[in-house]
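A.B. asks: Residue-level listing of the chains:
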Amino acid sequence: MSLMSLTAVELGKKIAAGEVSAVEATKDALAQVKRLDEKYNCYVTVDEEAALREAEAVQQKIASGELTGPLAGVPVAIKDNMCTEGMLTTCSSKILYNFKPTYTAEAVLNLRKAGAVVIGKTNMDEFAMGSTTETSFFGPTKNPWNPEHVPGGSSGGSCAAVAAEECSFALGSDTGGSIRQPSSFCGVTGLKPTYGTVSRYGLIAYGSSLDQIGPICKDVTDCATVLEAIASHDPKDSTSVSRESYDFTAALRDDVKGLRIGIPRDYFGEGLDVEVKEPILKAAKVLEEKGAILEEFDLSLVEYAIPAYYIIASAEASSNLARFDGVKYGYRTQDYNGLHNMYKKSRSEGFGPEVKRRIMLGSFVLSSGYYDAYYLKALKTKALIKQAFDRAFAKYDVILGPAAPTTAPKLGESLSDPIKMYLGDIYTISVNLAGLPGITVPCGLDSRGLPVGLQLIGDCFKEENIIRAAYAFEQSRSYAHCPAAE
Amino acid sequence: MANIISDETIEYVGILAKLELSDEEKEQAKKDMGNMLDYIDMLNGLDTEGVEPMSHVFPVHNVFREDVVTNGDEHEKTLANAPARSENAFKVPKTVE
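Note that the protein sequences, when read in sequence, are chains A and B.
Position 56 of the first sequence, counting from 1, maps to 56 under this note's numbering, and the rest follow consecutively.
Count along the second sequence from 1, add 486, and you get the number used in this note's numbering.
One or more hints might be untrue.
Claimed, not checked - Taking lysine to aspartate or glutamate and the EDC-like style, the derived pairs with C-alpha atoms no more than 20 Å apart in a straight line are:
no., chain 1, residue 1, chain 2, residue 2
1, A, 14, A, 66
2, A, 236, B, 511
3, A, 100, B, 553
4, A, 94, B, 562
To be verified - With the Cβ distance kept under 8 Å, some of the chain A side facing chain B (calculated, not the full set):
no., residue
5, 239
6, 242
7, 246
8, 265
9, 269
10, 352
11, 420
Calculated directly from the structure, the hints in this document are not laboratory data.
Bear in mind the structure is a predicted one, so any value in this text is a computation, not a measurement.
Glycine included, C-beta positions come from ideal geometry on N, C-alpha and C.
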């Protein structure tokens with residue numbers, strides 16, 4: 001049995017107790033990668049030598065008593081939009097095909113300080129733009145539950161790597177659902193923290209006002225433990241928030257008595273697959289039986305979240321991605337005629353179609369004459385969406401619903417109709433607009449054997465409520481290992 | 487389709503976006519942007535009269551620090567990523583004739 005079938009915390013305990021070493025754990029992770037990754041393509045880069053070196057160094061520190069935390073010696077995979085010094089960081093784009101950062105993202109540094117061992121970088125939708133991991137320059141990742149299906153996106157590589165047990169846990173990033181939706185499709189647990197909780201320093205920006213890094217794990221205990229390790233107030237990220245508490249594991253208790261859970265009717269209407277709806281409502285029932293108080297309500301404005309999101313995210317992307325010009329790093333076109341032609345050709349050859357689509361849309365909605373009608377309108381819509389959540393959280397501790405309207409679609413079905421693909425983000429996207437924390441927990445399988453994810457949304461800085469509800473629900477079932485991982 | 491994107495608009499957006507699209511890509515971009523704007527126009531049904539635009543969900547302020555160097559000399563590391571370099575500089579095509 002691979003050590004990768006354990007949760008990160010279970011593995012950490014074994015390492016701390018001296019039953020296994022950090023090196024053995026890393027070797028097991030690398031063996032799973034060798035065995036399975038050709039099939040699933042979860043990773044863009046695996047640095048075997050660096051990982052083993054790191055594992056040996058960590059093991060020494062564990063032996064000397066210098067490293068005692070729960071994640072010491074545990075192998076982790078990092079989404080390829082987080083900078084890792086000296087290790088390729090591509091954003092799954094041709095334009096960064098050879099980019100080796102000169103520094104490491106703060107969240108990854110925090111993990112390293114906790115003794116986690118980075119084994120590689122995971123595949124994603126190019127620049128995190130997509131919901132299927134099919135827009136990657138390095139080819140799609142496949143869903144370990146059924147390789148004919150997508151893993152979701154954009155953190156599809158991270159979620160598939162956790163499901164296929166090619167790492168102990170992973171980091172992802174979530175701009176419109178990019179942790180929660182693929183976690184749902186891959187049957188793993190993913191948490192998007194309150195905006196500002198985890199430093200974005202070293203995260204290659206997509207939509208800066210929406211992006212947030214978070215853990216992708218087998219269970220809620222791992223998510224809370226990893227979040228505790230990566231969350232920090234970082235002066236290098238001007239939107240980093242100094243929180244009153246960074247204790248997320250205290251909420252891991254099987255007790256939801258009196259917890260007020262709101263179920264938005266708007267999340268259960270047309271478009272929701274009945275095979276998703278049923279396990280979600282069953283999960284709600286479990287929480288009710290444990291003493292939570294359930295109530296249906298109307299959240300309102302749900303349909304306006306998607307257009308507002310695509311205006312804001314594309315606008316920010318058009319500005320953020322202006323830095324990729326072939327001058328200081330990354331891809332530069334071979335033939336060009338002068339500086340501006342070099343910029344244009346490098347960018348046009350370096351970016352894929354979905355990225356170009358969003359840069360074009362973003363440039364348009366910010367252009368003079370359209371700014372008020374589109375961009376300002378979207379920011380006003382965002383304000384109203386935030387107010388709608390404020391009203392809901394005056395009455396409820398947690399909002400419960402699905403993470404996505406369906407289970408994982410087949411490969412090749414989504415990209416031909418972008419708007420249809422965007423509609424799949426309907427339950428996750430407003431959470432980013434309002435800066436809220438959200439978690440996805442596996443809650444069943446559909447008739448084709450594909451995972452369904454339950455989403456729990458909390459008020460800003462109230463991760464404890466969603467962790468508590470997710471943990472209590474999780475106690476009612478055992479983790480369903482993906483058959484392919486065994 | 488309500489939003490017809492003209493050739494001029496696509497040209498102009500291409501300049502703003504610093505992208506050079508092939509004719510085929512331009513046609514696709516006109517179609518995609520038109521469809522997306524048709525969809526986005528749904529927002530016109532929402533009354534936002536008197537609503538303050540919200541750029542950040544929390545009140546964020548500029549973060550200042552003293553202007554002192556905290557990192558070391560990393561020019562070799564930085565230049566190692568350069569597509570083209572000349573001694574201690576990034577090499578680019580001539581910018582001034």
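A.B. asks: Work down the list of hints and note, for each, if the structure agrees.
C.D. replies: Now the hints, each set against the structure:
1. 14(A) / 66(A): Holds. Residue 14(A) to residue 66(A) sits at ~17 Å (cutoff 20 Å).
2. 236(A) / 511(B): Not satisfied, since the Cα-Cα distance of roughly 39 Å exceeds 20 Å.
3. 100(A) / 553(B): 27 Å, violated
4. 94(A) / 562(B): 24 Å, violated
5. 239: Nearest chain B Cβ about 6 Å off; hint holds.
6. 242: Given a least distance of 11 Å, the restraint on residue 242(A) is violated.
7. 246: 17 Å, violated
8. 265: Constraint on residue 265(A) not satisfied, violated at 19 Å.
9. 269: 16 Å, violated
10. 352: 12 Å, violated
11. 420: With a closest approach of 10 Å, the residue 420(A) hint is violated.
In the structure shown, a violation is registered for the earlier hints numbered 2, 3, 4, 6, 7, 8, 9, 10, 11, in ascending order.
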